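Participant: Letter by letter, the chains look like this.
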Amino acid sequence: MGFDPSAYLTRFDWGRARPLGGGGSLREYQVVAYDREIEIAPGVFFPAWTFNGTVPGPTLRAREGDRLRIRFINAGTHPHTMHFHGIHTAEMDGVPGIGAGEVAPGRSTVYEFRAEPFGLHLYHCHAVPLKRHIHKGLYGVFIIDPAGGRPPARELVMVLNAFDTNFDGENEVYAVNTVAFHYMRHPIRVRRGELVRIYLVNMTEFDPINSIHIHANFFHVYRTGTRLRTDEFTDTIMLAQGERAILEMRFPYRGRYMFHAHVSEFTELGWMGFFEVTDDDL
Amino acid sequence: MTSERVSALPAAPSRPGGARLWLLGIYPLALIALLVLLVLRLGPLGVFQAAFPPVEDLTITRVRLTPGQFQVHVTNGGADPVTIAQVLVDEAYWEHTVAPQRTIPRLGSATVTIPYPWVEGEAHEIVLVTATGLTFSHTVEVAAPSPQPTRAFLLTFTLLGVYVGVLPVFLGMLWFPFLRALGRRWIHFFLALTAGLLVFLGVDALEEALATAAALPTAYHGTALVAVGTLGAVMLLVVAGRLAARRGPRPLVVAYLIALGIGLHNLGEGLAIGAAFNLGEVALGAFLVIGFMLHNTTEGLGIVAPLARTPPGVGHLVLLGLVAGVPTIQGAWLGGFTYSPVLAALFLALGAGAIFQVVYEIARLMAADAAEGLATALNAGGFVLGLLIMYVTGLLVAV
Ligand SMILES: [Cu+2]
Numbered sequence: 137m138g139f140d141p142s143a144y145l146t147r148f149d150w151g152r153a154r155p156l157g158g159g160g161s162l163r164e165y166q167v168v169a170y171d172r173e174i175e176i177a178p179g180v181f182f183p184a185w186t187f188n189g190t191v192p193g194p195t196l197r198a199r200e201g202d203r204l205r206i207r208f209i210n211a212g213t214h215p216h217t218m219h220f221h222g223i224h225t226a227e228m229d230g231v232p233g234i235g236a237g238e239v240a241p242g243r244s245t246v247y248e249f250r251a252e253p254f255g256l257h258l259y260h261c262h263a264v265p266l267k268r269h270i271h272k273g274l275y276g277v278f279i280i281d282p283a284g285g286r287p288p289a290r291e292l293v294m295v296l297n298a299f300d301t302n303f304d305g306e307n308e309v310y311a312v313n314t315v316a317f318h319y320m321r322h323p324i325r326v327r328r329g330e331l332v333r334i335y336l337v338n339m340t341e342f343d344p345i346n347s348i349h350i351h352a353n354f355f356h357v358y359r360t361g362t363r364l365r366t367d368e369f370t371d372t373i374m375l376a377q378g379e380r381a382i383l384e385m386r387f388p389y390r391g392r393y394m395f396h397a398h399v400s401e402f403t404e405l406g407w408m409g410f411f412e413v414t415d416d417d418l
Numbered sequence: 097m098t099s100e101r102v103s104a105l106p107a108a109p110s111r112p113g114g115a116r117l118w119l120l121g122i123y124p125l126a127l128i129a130l131l132v133l134l135v136l137r138l139g140p141l142g143v144f145q146a147a148f149p150p151v152e153d154l155t156i157t158r159v160r161l162t163p164g165q166f167q168v169h170v171t172n173g174g175a176d177p178v179t180i181a182q183v184l185v186d187e188a189y190w191e192h193t194v195a196p197q198r199t200i201p202r203l204g205s206a207t208v209t210i211p212y213p214w215v216e217g218e219a220h221e222i223v224l225v226t227a228t229g230l231t232f233s234h235t236v237e238v239a240a241p242s243p244q245p246t247r248a249f250l251l252t253f254t255l256l257g258v259y260v261g262v263l264p265v266f267l268g269m270l271w272f273p274f275l276r277a278l279g280r281r282w283i284h285f286f287l288a289l290t291a292g293l294l295v296f297l298g299v300d301a302l303e304e305a306l307a308t309a310a311a312l313p314t315a316y317h318g319t320a321l322v323a324v325g326t327l328g329a330v331m332l333l334v335v336a337g338r339l340a341a342r343r344g345p346r347p348l349v350v351a352y353l354i355a356l357g358i359g360l361h362n363l364g365e366g367l368a369i370g371a372a373f374n375l376g377e378v379a380l381g382a383f384l385v386i387g388f389m390l391h392n393t394t395e396g397l398g399i400v401a402p403l404a405r406t407p408p409g410v411g412h413l414v415l416l417g418l419v420a421g422v423p424t425i426q427g428a429w430l431g432g433f434t435y436s437p438v439l440a441a442l443f444l445a446l447g448a449g450a451i452f453q454v455v456y457e458i459a460r461l462m463a464a465d466a467a468e469g470l471a472t473a474l475n476a477g478g479f480v481l482g483l484l485i486m487y488v489t490g491l492l493v494a495v
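Which chain is which? The protein sequence lines are A and B, in order.
Numbers 137 to 418, taken from the working numbering, label the letters of the first sequence in order.
Numbers 97 to 495, taken from the working numbering, label the letters of the second sequence in order.
These aren't lab readings, by the way, just hints derived from the structure by calculation.
From a predicted model like this one, the values you see are computed outputs, not experimental measurements.
Covered, in the sense of this in silico footprint (three residues per stretch, anywhere, with C-beta under 8 Å from a C-beta of chain B), are these stretches of chain A:
1. 288 to 302
2. 404 to 412
Using C-beta positions, here's what the derived DEER-type ranges look like:
3. 179(A) with 418(B): 46 to 56 Å
4. 232(A) with 197(B): 43 to 53 Å
5. 205(B) with 172(A): 29 to 39 Å
6. 205(B) with 354(A): 44 to 54 Å
7. 221(B) with 394(A): 23 to 33 Å
A virtual CB, placed ideally from N, CA and C, is assigned to each residue, including glycine.
With the rest of the complex left out, here is chain B:
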């Protein structure tokens, strides 16, 4: 059998089939297994075990406050099991229980429950002392009851999501009639502006993802996790875009991709808001909410910009707005009730990747549509203006 395509690789002289192919694929694995066995039996592993005390690596992932009690969630990210022997709160040994058990295996988790008369609005320091005397600490900056998944809090987070995510996106989409009345060059200006907005969001999300990843237990390899999320999102959207292109007009496909990218970004934003609420930081809140509203209004503009010359039906516009805005609500729920730094880093990375992919799609859309190329002064101005708008509105939302 010969391939008809010209390949850069030299064609194999003859291709084995069936069982023989499987064998060729598997025998290096078998050799590796043998090698591992040999190293475990005879190798120099003793060097790593004998002389050095274990380096313990506990990470406090979350502290929940209920009346008269702390609940501390810890993960063991080190190479060896770690035993929690004692607990200090505000420099005093304190009674506590550990579930499921005091000794936490590698990558295992435990919950330390500490009855403690904490004081609302004040800071408290919690220190876990391991059996070898090492200490791992966490400071509750502003003590306040953690939100419970009650109807009231669910409603609060939903409203928060609607205010900062859904409504602003739809408001931004109200620019649609205005865009439709513009000529091609000005539409391109607004597309470039959208690209500017998105690049800013992407960089922001990536930074946020890396910062969250840095706080993860080392065994999770946070930075690598962010790389997987970002590049994974890019590849996913490439495939999604290809599949969708067979069905609908290109501008509509790009608009959906933008909405999806922004939706993922808003999920991360919701996570941050929910988590901030959880940490008792949203007392600063009203200002933050207004900041997010202004910030996210520009996202609505970005979604409709590609559609100016081929207007879709109202149904599509509503759906686009929902795709971009509603994830803010889910994000707020996740962040508020079950904040997991691993998931947060992953979602933020996905959002970043999606956004970069969308910028690429916008550029392709503009290139296909423009005779004079992308690099016009007007486009450059639009792009920079997009960055600046995000920078200025972003100043309002430093969580």
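For reference, chain A alone in the conformation it holds in the complex:
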């Protein structure tokens, strides 16, 4: 089964939840690392290292205060780890030499911690050499909802990523959610006037910054999503490697609206797409 960036936008893995005494839940997830060739532009294949067979890996989601238990199995050909952004003990940090350390091929481990702080985070492999383990595809989005939740909205996960296909330390293909120009060919459909919430994470390797610009509209920015009041009202933001932000907006008019990196070079290398704003039921 191929990776579908359109389906990825709205697919969240809440884990297998069991209520705990005191209101919270215990959530159990399973993540398997393995090697897989993925198509990153029409006809161009990349020998990726994946979490659960896709790049980015599954979007893991929980509620603030939940107890999380992530069973990690390494079915790949190199040692890997899962390093979560968030607050946890040193043993659960998923770095070489501490706690479980690097998990050898064929081995597994369990990462366990409380979901905190609420916000938009990420996870990635932290085995060495770090740059290679990340740019080969071992990363994903990790969302912790605030205890009281956020207002209902059409929620979309967008990971800014890129691929170095000829191993020269520079990216040849840029994208939102892996496949170059995917949302040009398959615009993201939203309803006119509804609240749209974008979980935006920058996982681009090699280039220090990336950005997003949405045409003919402005959005509210919640940097790292860790506070419930907006930081900024703008139409373009810049993110360094590993930075992320939640964007909230409504489209007042029907039609097709482009979004792309305002690093123009990235735009024509694959990082651009369309929103399709309609009055239809979606």
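Given the coordinates of chain A, assemble chain B with the ligand onto it according to the supplied hints.
Facilitator: Coordinates of chain B with the ligand only, in the frame set by chain A:
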């Protein structure tokens, strides 16, 4: 049957005839075929196929520019088929078509057509991305429309060939009356000078051939191709010289061989000029043309030097000039309209081989004619002067 000649090889005790001889010749071939079959079935070829990704080797042989469009010619010189998946122009993915098909077999070729608003006089970078993500790039240094085989361009290239090839050679031949008035020692001086000119041209052509060969897809084995061309030309001229020697006087034969060698060299020169024109580099042009004129005038002198003591008719002189000069025109056509690096390397190598063979013929001619031997101070001076003349005039024509 016994041979009357004394042979270094011991005579075979008895010589098989007819069908048996054929059998002896063929059975090792049959065994090799069997071996190949065995290796394919049982051998360790899997080692080469399984674990390693294919090493792709695309070569961009030529880029043609027409208004609003690039045409990129590529050859697959690697061991496996290569699929062109995407095309980048100036670091942007661009629409394109590939003919006859995206997957290019080993030693196959394809043409990638890219509609692109290129800018005259500026540089553009074209990158082909294969299905495995490897990239192969070519930079158009100075964008300009490629010459089309129209009447105007045909005329331009013909005139170019006449100016740099035909006219200078004939001008150089005007030294003939001057040479005739000289004594034997001075004629030898000019023959030695000719040898110097030719050695320089030969080295130049060989270097040029190797440089062109180096840019070929690896599967063509460029350096070996140059060796085949160079040595092939030498052998061809040896045979041609032998056949011709039965008919005409020796100096005339040598003059024709020189003309032929220089003709092949000028074909290569024409190729270079045509190709440079094609790449939009001949905007530098007038200077280049004047340089070639001076350079090639000395070639005319070389052709008539062996004839000083046995003057031929005017008809021969005209023919000699044409043999040496006219190939420049064909070279310019080839280089301008259908530049093929494989052919270019081969022609340059042929030219080099022909020239070295001619130097050998000149030396023999002088040796047969001179009582005191070749190594006189005057001859040595002439030879060095020939090298120097070419070096200095060659400075003018660095393409
Ligand atoms: Cu890893």
